[in-house]
Amino acid sequence: MASSFLLSCRGLSAAADETPILHDVDLEVPAGEVHVLMGPNGAGKSTLGHVLMGDPAYSVTSGSVEFDGADITELSPDKRSRAGLFLSFQAPVEIPGVPLRSFLRAMVEGRGQKMKNKEFRKKIKELAQTLDMDPAYLDRELGVGFSGGEKKKVEMLQLLLLEPKLAILDETDSGLDVDALSVVSRGMELYREQCDGTLLIITHNTRILEHLNVDCVHVMVSGRLVAAGPSGLIDEIDAQGFERFELDNSAE
Amino acid sequence: MKTKQTLIERAAAMPATTWHFLNMNDVRIEIPEDLAIAPKVRVFEPWASHGSRDEFENALADAQEAWELEHPEPTAEEQRARAELLEAEADATYGGTAQSNYQVQADAIEEARSLSVAFEHGMGDEVAAYLRYAAEDRVVISAGPGEKVNAQVLVSSVQGGVSVAAIDVVADEGSDVELSVVVDSEQDAAANAGADRASQGLVGTTVRVFADKDARVRVERTQALQEGFTDIDDMGLFAGDRARIDVRQAVLGGSCAYAGLAGDLRGSSSRIEVETRYLGRAEQVRDFNYSLRHHGAKTRCNLQANGVLADKSKKTLRGTIDLVRGCKGAEGSENETVLLVDEGVHNKTVPVILCNEDDVAGNHGATIGHIRDEQLFYLACRGLAQDAAERMFASAIVEQAALDAGSAAAREAVVRLGERMSPGFAELFEGADDDR
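So the sequences go chain by chain: A and B. Mapped onto this note's numbering, the consecutive letters of the first sequence carry residue numbers 1 to 252. Mapped onto this note's numbering, the consecutive letters of the second sequence carry residue numbers 1 to 436.
Chain A with its partners taken away, still in its complex shape (with noise of 0.2 Å):
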């Protein structure tokens, strides 16, 4: 029977080049809600956004993962995308002789959303004046030369554009000054005042989540979820660090 969850991983492990990195990881993140995934580093938190979002480098040993009611187990990356899950990147990678404008477009093509160019260009441009953008970095290859702060931002406008029905989002706040953590901070409000999005975060950093009412915090150490709760949770950590977490997974 499928859950009711938007998001439900059972029992779910994987590994890379045979090394196992998740174990037995049960997650379930109903339809919009704000959940954040924390731990120290290492801990396996964007291995599971990625096997989440099938990323080839993983293979998945066992359990599976169920989006929007239907199981994504073996589906590939592409599909997963066009059935609505999204993931935003620690490190955004170049595309160098691809303009970001021809991406952009190739993107909301691939979903079969027919949209006339003058109202795609309308659009994008729209969003780019709400993130702060330059309009100039659209007719620029992607990624190619962009600050740490323009990628994250392009992520943001790729989040706004979509619309998928879950996002996740690995460290999007990393290495980010406080003028671009302000802005990635509106694209997560915007995308969920816009289409009641929900959130999967993955941070270190609490002050992202300033803004946004965070229904579960979930803590992942070695590889396991190892304690979940409610919102509460993040300032426990923000005083006393993971070390609870990671001593009482090792005495297990």
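Bear in mind the hints are in silico, worked out from the structure with no lab data behind them. Be careful, since some hints might not be right.
Straight-line Cα separation of at most 25 Å, SDA-like style, residue types lysine to any residue; simulated pairs [stated by the list, open to error]:
no.	chain 1	residue 1	chain 2	residue 2
1	B	Lys348	A	Pro96
2	A	Lys116	B	Gly424
3	B	Lys148	B	Ala61
4	A	Lys165	B	Ala385
5	B	Lys148	B	Pro46
6	A	Lys123	A	Ser182
Just some of the chain A residues that point at chain B, by a computed CB distance under 10 Å [to be verified]:
no.	residue
7	Pro56
8	Ala57
9	Val60
10	Glu74
11	Asp78
12	Phe89
13	Arg101
14	Ala106
15	Met107
16	Glu109
17	Gly110
18	Arg121
19	Leu190
20	Cys195
21	Leu247
If the Cβ cut is set under 10 Å, some of the chain A residues that face chain B in the computed set are [claimed, not checked]:
no.	residue
22	Val34
23	Thr73
24	Pro77
25	Leu85
26	Leu87
27	Ile95
28	Leu104
29	Gln158
30	Leu162
Ideal Cβ positions, reconstructed from N, Cα and C, are used throughout, including at glycine.
Use these hints to put chain B onto chain A, whose structure you have.
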């Protein structure tokens, strides 16, 4: 029935050959004999910049005089010492064996102490002579000291004909010249998809650039020919002290496209930058030959080629940087990025760095392959499967060429080509300037 062909063997030859079995030292060009000479060339330039027919030769002769003053003939004693050194080097390196053809030729050029002898055409002398003959007339763009000139030459294809422009650019000391060359099939040209290769006509340009001290010359050549036409792009460049020449080429259309560029970085601290963007699809053939010789001290050159090859297209790129004796502190680099979209493509790249001087740097690199795994995953995360991603790369190179076009005519030509490739392409650029 196959028409009789004029063959130009060993065109666009690289200076120092590699293994013959690789079949990439030069290229053989076939020109149908029944093509009529019919140049269709339009020139837009300020009247004041219209130069005299022998302006280029005169500029080179003046430069020769100045160069000889700075580089007096070696004394008999110096010549003897040099000969002894060469002999000793030959003994040490080759056990006294003969020099290669390249070395003999290179030494002969240097010993001639003549800038006109050293001046080369990228496509070779035979092709350049043919193009000059076919052009019938010569366009000479001349900028006086400190002047700024902007010119445009449009060369249109002619069905069953040879349409060629011969262009000389003479930029005096401290001047600034911008030249846009658009090689195109006009809007009303009949569609001839699938036509016999090279049977429809030949289009070409032969461009000579003389950039005197502190001059700056930018040449943009955009080729957006209809299928079936052959394109020949020949260039020869001369850079004086601190001169800078930038060449930007977009090779997008036609069936066979041959491009050859040779440059003499004669003046100290002179610089030549070449940026090439190309697309190969269907059964298109692309052949590039670059040869840059550093004579002056602290000279710089950079060759950058980016291309996408799809279907059964073929491409060869020969890039030679020659660091000639005396060019202390010079730096040359060449780099190519080729994306192979289909398994049926044929790609050859041969970067060559020749060095006869200490204290110089020569770098080369090539990235050849399919879309990288991390790029593919990123694109897949945005809903683009591999085939959609590959299609995007092929059309993106045309879009980028349209976006980067330095003139309205160049952009229109690229957009027309894009529209022929993919109906609806032109709509992408309607009102695009309003966004900027």
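Verification of the hints:
no., hint, verdict
1, B/Lys348 with A/Pro96, "holds (21 Å)"
2, A/Lys116 with B/Gly424, "holds (11 Å)"
3, B/Lys148 with B/Ala61, "holds (23 Å)"
4, A/Lys165 with B/Ala385, "holds (20 Å)"
5, B/Lys148 with B/Pro46, "holds (10 Å)"
6, A/Lys123 with A/Ser182, "holds (21 Å)"
7, Pro56, "holds (7 Å)"
8, Ala57, "holds (7 Å)"
9, Val60, "violated (15 Å)"
10, Glu74, "violated (15 Å)"
11, Asp78, "holds (4 Å)"
12, Phe89, "holds (7 Å)"
13, Arg101, "holds (8 Å)"
14, Ala106, "holds (4 Å)"
15, Met107, "holds (5 Å)"
16, Glu109, "holds (9 Å)"
17, Gly110, "holds (4 Å)"
18, Arg121, "holds (6 Å)"
19, Leu190, "violated (19 Å)"
20, Cys195, "violated (16 Å)"
21, Leu247, "violated (35 Å)"
22, Val34, "violated (21 Å)"
23, Thr73, "violated (16 Å)"
24, Pro77, "holds (4 Å)"
25, Leu85, "holds (8 Å)"
26, Leu87, "holds (5 Å)"
27, Ile95, "holds (6 Å)"
28, Leu104, "holds (9 Å)"
29, Gln158, "holds (6 Å)"
30, Leu162, "holds (7 Å)"
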